Amino acid sequence: MSVLVIAEHTRGEVRDITYELITAGHALEGPLVVAAIGSDPGALDLNRAGVDEIIHVRVPQADFENDVYQQALEALIAERRPDHILVGFSVNSLGYAPAVATKLGLGFASDVFAIRREAGTTVATRAFYGSKVHAELDFPGQRAVMLMLRPTIWPAAGAASAPPSVTERNVTIAGSRARHKEFLDLPKADVDITGADFLLAIGRGIGDKENIALFERLSEKMAATLASSRPLVDAGWMPSSRQVGQSGKTVKPKVYLALGISGAVQHLAGMKASGTIIAVNKDPEAALFNAAHYGAVADLFEVARELEKLY
Amino acid sequence: MKIVVCVKLVKVVGDEVEFTADGLDVDSDYLEHALNEWDACAVEEALRIRERLGQAEVIAVTAGDKKSEEALRRCLAMGADRAVRVDSAVTDPISTANALASAVAPESPDLVLCGVQSSDSVQGSTGTALSELLGLPRVAVVKKLEWSGAGPATVHRELEGGLVDVVEVDTPAVLTIQTGINQPRYATLRAIKLAEQQEITLVTAPAGGDPAYRVRRMFTPPKGEGAQMLKGNPSEIASQIAVIIKERLK
Amino acid sequence: MARDPKYDILFEPIKLGPKTMKNRFYQIPHCNGFGSEKPLSQAFFRSMKAEGGYGACCTEYCSISPESDDTHRVSARLWDDDDVTNLSVMCEMLHGYGALAAAELWYGGPHAPCMESRCVPRAPSQIPSDFEHLTYPKQMDKDDIRAVQKMYVDAAKRARTAGFDIVYVYGSHSYLPQQFLTPYYNKRTDEYGGSFVNRARFWRETIEQVKDAVGHDTAIAVRMSCDMFMGEPGTQLERDCLPFVELVDDIVDVWDINVSGISEWGEDATPSRFYPSGRMLPWQHAVKKVSKKPVLGVGRFTNPDLMISAINGGQLDIIATCRPSIADPWLPRKIDEGRLDDIRECIGCNVCISRWEIGGPPVICTQNATAGEEYRRGWHPEIFTKAKNADNDVLVIGAGPAGMECAMILGKRGMRRVHLVEADDDMGGIMRWIPQLPGLGEWGRIVNYRKIQINKLKNVEFHANQRLDANAIKTYGAEIVIVATGGYWATDGLNGATHDVIAGADASLSWQLTPEQIMAEGKKVPGKKVLIVDNDGYFMGVSLAEKLAMEGKKVTIMSHQAHIAKYMDFTLESPNQNRKLHKLGVEIVVEHYPTKIEQGKVHAVHVFDEEAHDKVWEVDAVVLVTQRRSNEALYRELKDKVGFSELKKEGVNAVYRIGDCVAPRLIADAIFDGHRLAREIDSPNPEEPLPYKRERRVINMAGAKAEIDEHMAAIHAGVR
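Protein chains in written order, with this note's numbering: chain B, 1 to 311; chain C, 1001 to 1250; chain R, 2001 to 2720.
Isolated chain B (complex conformation) (with noise of 0.2 Å):
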């Protein structure tokens, strides 16, 4: 039995899911082999425990394009025959993974945030409707199994104590019909608050209207957008632009940090979709608690002076 992993890399920098990837490996039986596939796979730090193997699959284009990873992925299965593949939940692998599955008949499953091996069986854990509800799945038929897994749910596999071994393959691509021409750093536009990756939202734990300055100035350091819960925009200290909640905006950043927000259902409508969701509240009974991800009580003022020191 054997797990190929397949690395992901953008501009000659390896991408953290592929080091969550190789964790999330070791749960599953035989030897970890990662493969990098690139122009210039060999100046990729693929390094890690757990790693039995890596094998650098030269290929003539250095970034990403579809046919050329389902080309190298499909050789490098027809060599090894791993019983298990482990790609990213990714724009990447998005673009090249399900055709790989359905072209070999392959068991499959995206969104992975859970594996175990049950008597000789692999079951994996993925949500639907929206995360309300878990499903666990299983891959039945005698055939290797390729999973698409969550971003941040395994912790990155640490350093090797020693470097595993390298294996050097090229591999011919026969065409490339989807072709990268160029890489655009889009500039960060005046976000509205449902574009943002990073929200700072305050309640009526800020107290004052005099304190929202405090807040604005926290927001800047830490680059993340303002935003609220009604009561502010209620008591007309914050624009309804940036409200949170049922009957102002839905947002799902990538990080939510309340302060002073009690959640109500109508806010917590807003945001709950949030990649994560901090929580600081004196009250230790604050609904949010229960919805978030993390949580602390404490002062909010004093935890947010604390937290401008840091930027």
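None of these hints come from the bench; they were simulated from the model. Everything numeric in this text was worked out from a predicted model, so none of it was measured. Note that CB positions come from ideal geometry on N, CA and C, so glycine has one too. Worth double-checking, as some hints may not be accurate.
[As the list claims (entries may be wrong)] Restraint ranges, calculated between C-beta atoms of paired labels, are given here: (1) R:E2382 / C:E1196: 30 to 36 Å; (2) R:E2688 / B:E210: 37 to 43 Å; (3) B:V166 / C:A1021: 51 to 57 Å; (4) B:A273 / R:H2463: 20 to 26 Å; (5) B:E308 / R:K2015: 37 to 43 Å; (6) R:M2001 / C:Q1228: 24 to 30 Å.
With the hints as your guide, set chains C and R onto chain B.
For chains C and R alone, kept in the frame of chain B given last:
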């Protein structure tokens, strides 16, 4: 010139969830339905291409039961010319792609647009799987599309963190469309009424191959112990928060 | 959905003397314009709240004698057995829902001018009312005191006969018992004046006598103001109220605690403009600390979390509401059923109160178009019949207050499809910028509530950024078209004072502006000196004055009337609004109207100056708040240019219009207009409101015949 758009009628679960007797899916009494948000953008993009090129046939295709025709009617009301339903149960992305292919392939489309993902399954994979069955090139997560109607198209792929990858893709091709590429037009009441009366072609699904996965059980996740509480004085709490933020923004 | 367990405390019963209330939701005494003379309107209005879960509902202030007659304002009355019969209907209906009924027994003293009864009110000292300035009372001697106390006792007995479970000896708002307690009103030197014990004597004796008469099976409530904000002469918490609580706690079954006197009772019924919810909790808490009996009180409570915090924090035992119960009589039920986002929250605009202050009209509510219509139009705020013509599609053009309300109710009435279309990028219309005026943030709840409800309605779609012209409407595919395009502020100074434009008024110039130019379009007010021409008489002029003064402008507000923002007297917002303007240094010019506007100058004359001397104000900018106009253009195009018969050919069977685009009006009335059309969309002629029931005496000709014949005979006999 034919542009096929693959769409899905998604299920929206309210706050109360009940499962079917076998525990393998949500009881549909507790569901609302809507045209998948990503697919609406795909339809809109197809209509805009038609408007830019002056002429093209936009065909909406779905794989599902009779109720899924609601999604097709919305596409017709928006302005699609024709609609086809492949009669099949909604399952994993590869099986769905198989069903769709049986209706899409005979059309020999010049372009196939799908939404990046559906809001209820979030597999993100059906469009790419379909492209393989059709033997067509594909680009996933397209935020911008420029195409003269012949030859390669230039598309923008939206990567994590906001980076954009400009890709040249040979056509015919399958593109999965990301929300934000456009603002889907709404349909007037007249268009909705006309769409109600339009004929929808029915196609039987091909015999199924192996499903990509099997659902063993479905369950509501435990409420959880709630938040992981950070301890310490404000300075320590702030440090911990900063570390978490840095992690999660990558 | 289920009740969140943290709200369980609100649903626990509580004993009030010999009675038990089934939960902690209490509708405090408040006026509705119905009194004892519109008994069905009264009963249907109150019982709607009991249906909505309130554990107890009260009458408005209930007069115990013709000497306590507040005409033109409408109070309830318990003067005789016929009043008992009329008010018994309310009691029966409340009991049907398991709610208690309370009568707030009231004697107004000099504050009640007796304009119907022509009696003379009695009072502790002979000083005219600070509220009704021409009314002098008779100074009470001991016989008067006994006589008035007997009125309380007799009224309490009538109340008990009518079916009331709770009777008040009501003093708040500077009514008689509190007048005795308060040095401002009580200059007596006998045993009913002077020391605390003496000043408390009248109230204590009255409570004792009422308790003796009915207290064995009727709960005794005392409503007391714990601070009149008048310094030494006024009622004070520590000097007067807490000792009074200790003095009579044993014989009182429930305390109803508020603050303020009568002349500024907006300190009690706080407008959201000036105070947040729960304003009186500190006083309520103080009383709760010294009393062993249940304490209730209001505070514009709309948020269940604040409610449980008040109870859990030992500040109140019972949550009383007035205005939130008008805005949503089903508040308790919605909390019970976990439907918090269905709660229609009070916005604290006090338009309901304004109707009572004006005297005569029935209560209305900005948020709840059905308030006051429960009986006379049979409207239920939560239950809607399916429209008989539901098999129709409706296009509503304009998502302001009228359009949103209409689309929402049409949706609830099951119309097949409703498309609400708006030219701007979101719902709200004028309510998108009005809540941005100083202090009006809570008024945004008008939009919040409707947005949430419309999002929930599967048969209603909202489309923003669509400016439909007549042609697009014609071919839209709707059988029913409803135009709700709102209004705009006149740009030429047209006004109700002169019925003419103002020479030189032109808001297309950079230095002249209208309210929406400033608030919605972001037009900058140039320079420093701004003159606001205010012929509106409600909040727009003074709110803009406040806003511009806070931004550093030197503001003058000019009105032809005797004082500015007259309607705000009725909403109780005047005193604090005037204090604000005074603090901000706003120059208030009354009894003047502008004759000419030119760059840098506004010319005006005093309204009573027969020689019309020209007075000049130097200005950098002029804001025209003279009057509003309807945005009629679209409707006129549909009716006059395209024509209804053309529209019919395209399948449009009916075109209606609602709200400000018909005639500008209060937000409450625009919402009412949209609501009414939706309720009556399936009547034979929806454009015309259906007749409503009027509670009036219709003479029984057969029964009156004898009386009339006798009179006619006397005329013929030459005796008359």
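Hint by hint, here is what the structure shows:
no.: 1; hint: R:E2382 / C:E1196: 30 to 36 Å; in the structure: holds, 32 Å
no.: 2; hint: R:E2688 / B:E210: 37 to 43 Å; in the structure: violated, 54 Å
no.: 3; hint: B:V166 / C:A1021: 51 to 57 Å; in the structure: holds, 54 Å
no.: 4; hint: B:A273 / R:H2463: 20 to 26 Å; in the structure: holds, 25 Å
no.: 5; hint: B:E308 / R:K2015: 37 to 43 Å; in the structure: violated, 53 Å
no.: 6; hint: R:M2001 / C:Q1228: 24 to 30 Å; in the structure: holds, 28 Å
Going down the numbered hints, you'll see the structure goes against 2, 5, while the others check out.
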